[in-house]
Amino acid sequence: MTAPPSLDAAQPVAAAVQPAVPVRRRPRRSPVTWVRGGGLGPVVFLLPMLVVFGLFSWAPIVQTVVMSVQETNLVTDPTFVGLDNFRAVLADPLLWTAVRNTLWFAVLALLLGYPVPLVAAVLMSEVRRFKGLYSTLAYLPVVIPPVVAVLLWKFFYDASPGGVFNTLLGAVGLGPVPWLQDASTAMVSLVVEATWAAAGGTIIIYLAALTGVPPEQYEAAEIDGASVWGKVWHVTLPRLRGVLLITFILQVVGTAQVFLEPFLFTGGGPANSTTTILLLIYDYAFANSLGGDYGSATALSLLLAVVLGILSAVYFRLTRSWSAS
Amino acid sequence: MKSIAVLAVATAVLAACSGGGARSADGRTVVTVSLDPGLEQGAVDAFNARVARFESANPAIDLVPREYEWDATTFTTQLAGGTLPDVFTVPFTDGRGLIEREQIADISGEVAGLPYAGKFNEEVAKAGSADDGRMWAVPIAAHGQALHYNRTLFTQAGLDPDEPPTSWEGIRSAARQISEKTGQAGFAMMTSGNTGGWIATTLAYAFGGRTEKLEGDTAKSTADSAGMVKALQAVKAMRWDDNSMGANFLYEWGTINQDFAAGRIGMYVSGGGNYGSLKAQNAMKPEDYGVTALPLTGGPDAGVLGGGTLAAVSAGASDPVRAAAVEWIDFYYLEKLTNEDAAVADAKTTADSGQAVGSPELPVFDKAAFDERMTWIAQYVNVPVEQMTPYTDRMFDQPLVPEPTRSTQQVYALLDPVVQAVLTDRGADVGALLSGVQVQAQALLDRR
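In the order they appear, the protein sequences are chains E and L. As numbered in the working numbering, residues 1 to 325 make up the first sequence, in order. As numbered in the working numbering, residues 1001 to 1448 make up the second sequence, in order.
If you're looking for bench data, these hints aren't it; they were derived computationally from the structure. One should not assume that every hint holds.
What the hints assert, rightly or not - Within a straight-line C-alpha distance of at most 30 Å, the following computed DSSO-like cross-link-like pairs (lysine-lysine) qualify: (1) L:K1181 / L:K1236; (2) L:K1213 / L:K1367; (3) L:K1285 / L:K1348; (4) L:K1367 / E:K154; (5) L:K1220 / L:K1126; (6) E:K154 / L:K1181; (7) L:K1285 / E:K154; (8) L:K1119 / L:K1367; (9) L:K1367 / L:K1348.
All chains should be built: construct the whole structure from the sequences, respecting the hints.
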C-alpha cells in the first residue's frame, strides 16, 4: 500500500518549517515529583476560593441556565419547556416598559449623577482648608445603610404640602410637587436620591485621581494665563480621562441593574412608571406569594447578562483604543 | 451577571434548605408548628403550655415551635425553599393556588375524619378545597371586607361618627368634608403589592361586578366588568373632582394601616377584623376607631368580598407528620372555636398579652356555633364593641362572595397599575386600562 500523494507532497513542507534550533523538551514530571516540587501548595491555597466560587457563583449560574428552560415552582418536579420562558419574557409588554424605564433611569443618572461628583471633586481639590471635612461629608451618605437612606428620603418626598421638600418649596412659593406619587416625577426623584447616595464613593475616586495630577502642570497653565476653567479643561480632565471612562462604564452597568430605589420607594409604580428590568425579574420570581415564575425570571436574567456582556466587551474595546491614543 | 448570581444563589440556597419532617432521638414524630413572632413572654409561655398539653395527650408527637407569620414578600421564598414550618397559615387568597400547584400537602383524608368536617360554612370551606371538594387546607378564621373610619376625624369634620356613610355617595361626601375640614385624606386606597387589585376587586363586588366567571373547567376574565368600571370611576371622581384622597397613592397594607392609625386617613377599605393588627402593630387609639359595612350598590349581584385564614401542612411532610399536623390543627386552631375551655383559655391569654379580643369576624362553622363561642369569651372582649356595631349589626346580612379562585394574585397584580393610574393620571381612561387588563388576565387564565 502506497502513501497518498498528498502525504508525500506535504513532507518537504513539513521539513521546511522544522525549527533550526531543536525544541527543548521539558522532562515529564510524575505526580509524585509534582507534589514533591511543591505543586500541591498553590492548589491547597486555591481550594477555598474554588469551593466558594463554585458553590456561590458558578454553580448557581449553571443552575440559572438550567432553570431558564424549565417550568418550576421549586416544590414539584420541573418540566422542560425549551425556549418558552424566553418567548414569554420577550412577549411581555411590561418588558419593554421596564427597558424604557431602565434606559430613562440611566440617562437621568448620567446627566445628573455623572457630573455632580466630578464637579464636587474638582471644587474640593481646590479648597485649601478643611479638605478632610468636606471629604467626610461627601462620603457620609455612602456609609448610611441604603434602606435607612430610602426611608429618610421617603419622608422627605412626602407629597402633601406638609412634606419636607414641599415645605421648603412652599417657602419660596413653589409646589407642592407630587415627587414619588406621579409618573412624570417619580423616576427623577429616584435618581436624585441615588445620586446623593452614591456620589460620595465616586468623589473619593476622583479626589484620589486628582492627587496624581502634577502641580507643575497647573503652575505652567497659570503662567500661561489659564483661567480656573482653562486649568480644568486643559489639565484636570485630560489627566482624569482614564478614571472618567471607568466610572462612566461602571455607572452604565450599575444603572442597568438598578433595583433598590424602585423596589423600596415605589414598588415600580405609579402605573409601572418606575418598573426596571431587575425589578421585573424580582417580580417574576417573588411578587406572587404562591411561588413565582422562576423560569421567566432566570430567562430575563440571562438576557440581561448577555446585553451587559456585550456592553462590557464594547467597554474593553473602547478603553483599549482610548489608552492607545 | 450580578443579577443572575443573586437570583440563582437565592434559589439554590433556598432549595438546599428544604426539609420534610423527621423523628426525634426517642422515636417520636417531630412536627414544626407556627408561633407568631414578636409575642410578649406571657403569650409565648401560654403557647408553650398548650404545646406541652398536646404532647402529653399525644406522647408519640414532638412539637417544635418555630416563629412564622405569613408575609407576601417572604412566603414565596420560604415555600420554594421548603423552610416553612410543617404547619403554617396562609390567607384565603392563596389557598386555591397552592392546592392547584400541589404546593401544600393533601390532608383531605385526615381532615375528613374530624368530627366537624362536614360542618364548615360552605363558602368558607371553598377557600381551602380543591375543585373536587376535598379539603387540603383548613379554614381557621374568616372575615368580610369593611369600611374602617377614624371617628376623631369624623368629629373634627363635623360628621357624626355614630352615623357613618351607608352609600357610596355618602362616602364621597364624607371624604370631601374630612379633606376640606381637616386637611387629611378623606378616603384612601391600597394600590401596591397586589393590594390595589384586592381592593379594586372588593369595590367591584360592592358595585355588582366580578373579575372572573367560571364556565365548567374554564375561566373567563371579567376584569373590565361594569361593576369594576363604576367602582374605579367613583374612585376617580373622589381623587380628581373632589381632591379628597390625600397625596399618597402608593399604599400597601402595612403603610395604609400606619397612616390610618396616625390619623392621616378618614376612611379606607380592608378586612373587617383589622382592628387587632391596627392595635398590635400601629398603636391605634381605641377611641379613634370605627368600622362600618361596605355599601352595596350594584343590585342583586353586589356582595362583600370575603377573606380569612387557612391552616396548611408542608408539601414535603411525611405521612406520620401529616397526621400529627392535622391533630395539632384540630387542637390548636379549631378547638378554641368548638370547645368552651379552649376558647376561654385562648381569649384570656390573648387579652392578658394586650392583644385584641373580640374583633369582628365571620363564622368558620355556622352562626349558632359562632354566637355560642362569643358568649364563652364575652368577659375577655377588650375591643370598642359599640364603635363596631355599624359593621357587626349588618355583617351577617350582607352576601359574602369569595375571592376569585383562578390566578388570583396575578390578576390583582395586573390591576395594581390601573388603580395607580386612576389615582395619579387625571386623563386615565378607566375603560381602556381595564380592557388591557382583561386581555392579559385572560391569557393568564388560559395558561393555567
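Against the structure, the hints:
no. : hint              : in the structure
1   : L:K1181 / L:K1236 : holds (21 Å)
2   : L:K1213 / L:K1367 : holds (29 Å)
3   : L:K1285 / L:K1348 : holds (21 Å)
4   : L:K1367 / E:K154  : violated (45 Å)
5   : L:K1220 / L:K1126 : holds (19 Å)
6   : E:K154 / L:K1181  : holds (26 Å)
7   : L:K1285 / E:K154  : holds (25 Å)
8   : L:K1119 / L:K1367 : holds (11 Å)
9   : L:K1367 / L:K1348 : holds (22 Å)
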